[in-house]
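Visitor: If you want the building blocks of each chain, they are given just below.
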Amino acid sequence: MTTDLGNGRMTTDLGMPTVASDPHHHLRGTEPFPVAAHRALADTQLRQNLGHATRTIRAKRAGVVGEVDDWEELRRAGEGVKADVMARLPELLEQLEASVTARGGVVHWARDAEEANRIVVDLVRETGSDEVVKVKSMATQETGLNEALGAAGIAALETDLAELIVQLSDDTPSHFLVPAIHRNRSEIRDIFLREMPDVDPALTDEPRRLAMAARTHLRRKFLSATVGISGVNFAVADTGTISVVESEGNGRMCLTLPDTLITVMGVEKIVPTWSDLEVFLQLLPRSSTGERMNPYTSTWSGVTPGDGPQAFHLVLMDNGRSNVLASPDGRQALHCIRCSACLNVCPVYERTGGHAYGSIYPGPIGAVLSPQLTGIDGPDDVNASLPYASSLCGACFDACPVRIDIPHLLVQQRAAAVEAHGRPTAQDVAMRAAATAMASPRRFSLAERALRLGRLLGRSGRIRSVPGPGASAWFGARDMPAPPTETFREWWARRDRT
Amino acid sequence: MRIALVATCLGDAMFPQAPRATVELLERLGHEVVFPADQTCCGQMHVNTGYLDMALPLVRHHVDVFSGALSSGRADVAVAPSGSCVGCVRHQHAMVARRGGDEKLARAAEELAARTYELSELLVDVLRVTDVGAYYPHRVTYHPTCHSLRMLRVGDKPLRLLREVRGLTLTELPDAEVCCGFGGTFAVKNAETSTAMLADKMANVVSTHAEVCAAGDSSCLMHIGGGLSRLRSGVRTVHLAEILASTTDGVPA
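Protein chains in written order, with my numbering: chain A, 479 to 976; chain B, 6 to 258.
Don't take every hint at face value.
Pair ranges (Cβ atoms, derived) [as the list claims (entries may be wrong)]:
#1 M6(B) x P568(A): 52 to 60 Å
#2 R973(A) x K109(B): 30 to 38 Å
#3 V134(B) x M771(A): 56 to 64 Å
#4 D737(A) x D180(B): 34 to 42 Å
#5 R120(B) x S664(A): 14 to 22 Å
#6 R975(A) x Y140(B): 48 to 56 Å
#7 R165(B) x S664(A): 54 to 62 Å
#8 G138(B) x R933(A): 28 to 36 Å
#9 G35(B) x R975(A): 30 to 38 Å
Stretch by stretch, here's where chain B covers chain A in the computed footprint (C-beta under 8 Å, at least three residues) [claimed, not checked]:
#10 594-608
#11 621-628
#12 821-834
#13 847-860
#14 864-874
#15 917-929
Think of the hints as simulated: they come from the structure by calculation, not from any bench. The structure displayed is predicted, hence computed values, not measured ones. Don't be surprised by glycine CBs; every beta carbon is placed ideally from N, CA and C.
Just chain A, same shape as in the assembly (with noise of 0.2 Å):
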């Protein structure tokens, strides 16, 4: 059914959930953007980590992406592949599970997160296994998927080494590629030291030593684990291929060791054609590690006798994505591919890091999809600070390699919070009076005169403060010069009269 909601708007009823299912308050936080960032500002050793590590990854992503000469073609082939993929998203699912199940593998759909997990815990389940272990996932940490399996009395244990210091610190991921990006090495050394049985108590922060450290702890794992659970960088819709990326070769072992295989993946992931691989395959590593090749790409087609997993699950899960998809603009979001590029070049996230958007999904992308996924409920609603968290200085645009035009969408959820708003607040009643005042050019002029009382405030030609709710916002940090003795409009009359 298809509904008009003005002007000229439409939206479709697919008979889905409308917004995500969020078991495990992963998508949405619990305070405002700028009541979380404010504690991540003053958090002088968040903010050296961070303007650290994204400054060296965003000079790495420049030297990679400025050696190919025709990065902007590739950019646009990612761009009109996504943009194909969301036009015809039923129809290439359903290639998906064909070619998938003709290949050995068993495809399950998921309307939300709460399926998602209730069918991975019942999979484990069947094998009779009380412990999986876990390639580095968005989906699964989307979900909660950690937590369901917990409840169920099963071990899931992260391998990713970033996630696995995530998971030991009994933190949340702050950026999608490096889910420690907010900690140092000394801290990493600290965790490991309390939180990982038989570690070397004389273990140092030499990134070689933590890398080994983590290596003894996970390979006993490896080897009896007999359940591994992922989730997917493309599915491929003709070949019913899944590809995963990674850097570590944690998910390679994941991937190939246990007896069971389930992934679980967002209905966007998915790619038409095997060729289409090629295009992502160089965008996503430079954009994201800022690699040329990322050093593990692991492809599977269903089952194959006698090697690898002999039971293989795909989980297609929709949690919110034909909400978004039922949005014109909106759906751009779900090109995205987690490459993080638009996190690390943002001034903001630099500042805040990830776990102000409390969203797994943080940054600029985040700050579009969360509020997409789930839902904004009103001017209290922590996702309607989100779209607000950008200056909109448009850097993540240029690093996006599927050019998702994320000012734009950051612009388009910032009306989707205006219009949640019930009653007018006082931010909307400030903008209705300066929208009276500039749509006429008599009432304007009466604004700039009344503007120059301001002149009192400021008798040195500098206004260092101002009284009144708000004010403190600017003049905290930042002076205003006072009003000039004379508009442009007064100055230019003047000169036409002599």
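Got chain A; can you put chain B on it based on the hints?
Guide: Quick look at chain B alone, frame taken from chain A:
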């Protein structure tokens, strides 16, 4: 050429030196400047804060005033001494109109946008001049504003203009292309993050030992200048137009 000036609401009310300098510069170069007196505001603040419905009458008013000036033959093109206002005109006006269901306005906005230029674009691309005959004996660093860079893609046009100014020493600003943290209502809605960004911008400005930090947007300069003033840093902010308008005859800048 006859050029319609978009003074911008901020330029008109708070920073008249920028539109005045634009007039003086263009007239010195032999062009005729007209000022459509009914102009108010392009609506950028409303658009970028999410008030797209409220922005619609502002967009309509801007398009009416300037399309009128151009179609009546009073002017050939429009110019604004602001990257972000031109960015709004060029990339957002038609979107606001379409969203409001006014396709006719959207088309008119697109036609107007194609003839509206930011100052450095007008000088370099349309008037084909980089040496505007300016004299400005100061040490200057230049902050390329986000919307001029990433919405308009002005590239190095402002720097090409500044390099031709006699007496001017241009010092490179480290991390020049990083946002100063202004972002319109962002500066008050997320004041602490905005200020953290400003702190880094100011540190970079101060590191150049420049006397003057220049930019093509009065709004960003208001932000950077507001911070530099609070710190008593001894660095002042000056609009690009003021530098280009400055001559040995002593136009104050």
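Visitor: Now, for every hint given, state plainly whether the structure supports it.
Guide: Each hint, compared with the structure:
1. M6(B) x P568(A): 52 to 60 Å: holds (55 Å)
2. R973(A) x K109(B): 30 to 38 Å: holds (36 Å)
3. V134(B) x M771(A): 56 to 64 Å: Violated, at about 47 Å.
4. D737(A) x D180(B): 34 to 42 Å: Given range 34 to 42 Å: violated, Cβ gap about 52 Å.
5. R120(B) x S664(A): 14 to 22 Å: The hint (14 to 22 Å, Cβ to Cβ) is violated, given that R120(B) and S664(A) are roughly 59 Å apart.
6. R975(A) x Y140(B): 48 to 56 Å: violated (30 Å)
7. R165(B) x S664(A): 54 to 62 Å: violated (47 Å)
8. G138(B) x R933(A): 28 to 36 Å: holds (34 Å)
9. G35(B) x R975(A): 30 to 38 Å: violated (23 Å)
10. 594-608: As far as the stretch 594-608 of chain A goes, the hint is violated, because 0 residues have Cβ atoms under 8 Å from chain B.
11. 621-628: violated (count 0)
12. 821-834: holds (count 4)
13. 847-860: As far as the stretch 847-860 of chain A goes, the hint is violated, because 0 residues have Cβ atoms under 8 Å from chain B.
14. 864-874: holds (count 9)
15. 917-929: Since three or more residues must qualify, the claim that chain B covers the stretch 917-929 of chain A holds, with 7 doing so at under 8 Å.
Checked against the numbered hints above, the structure violates hints 3, 4, 5, 6, 7, 9, 10, 11 and 13; every other hint is satisfied.
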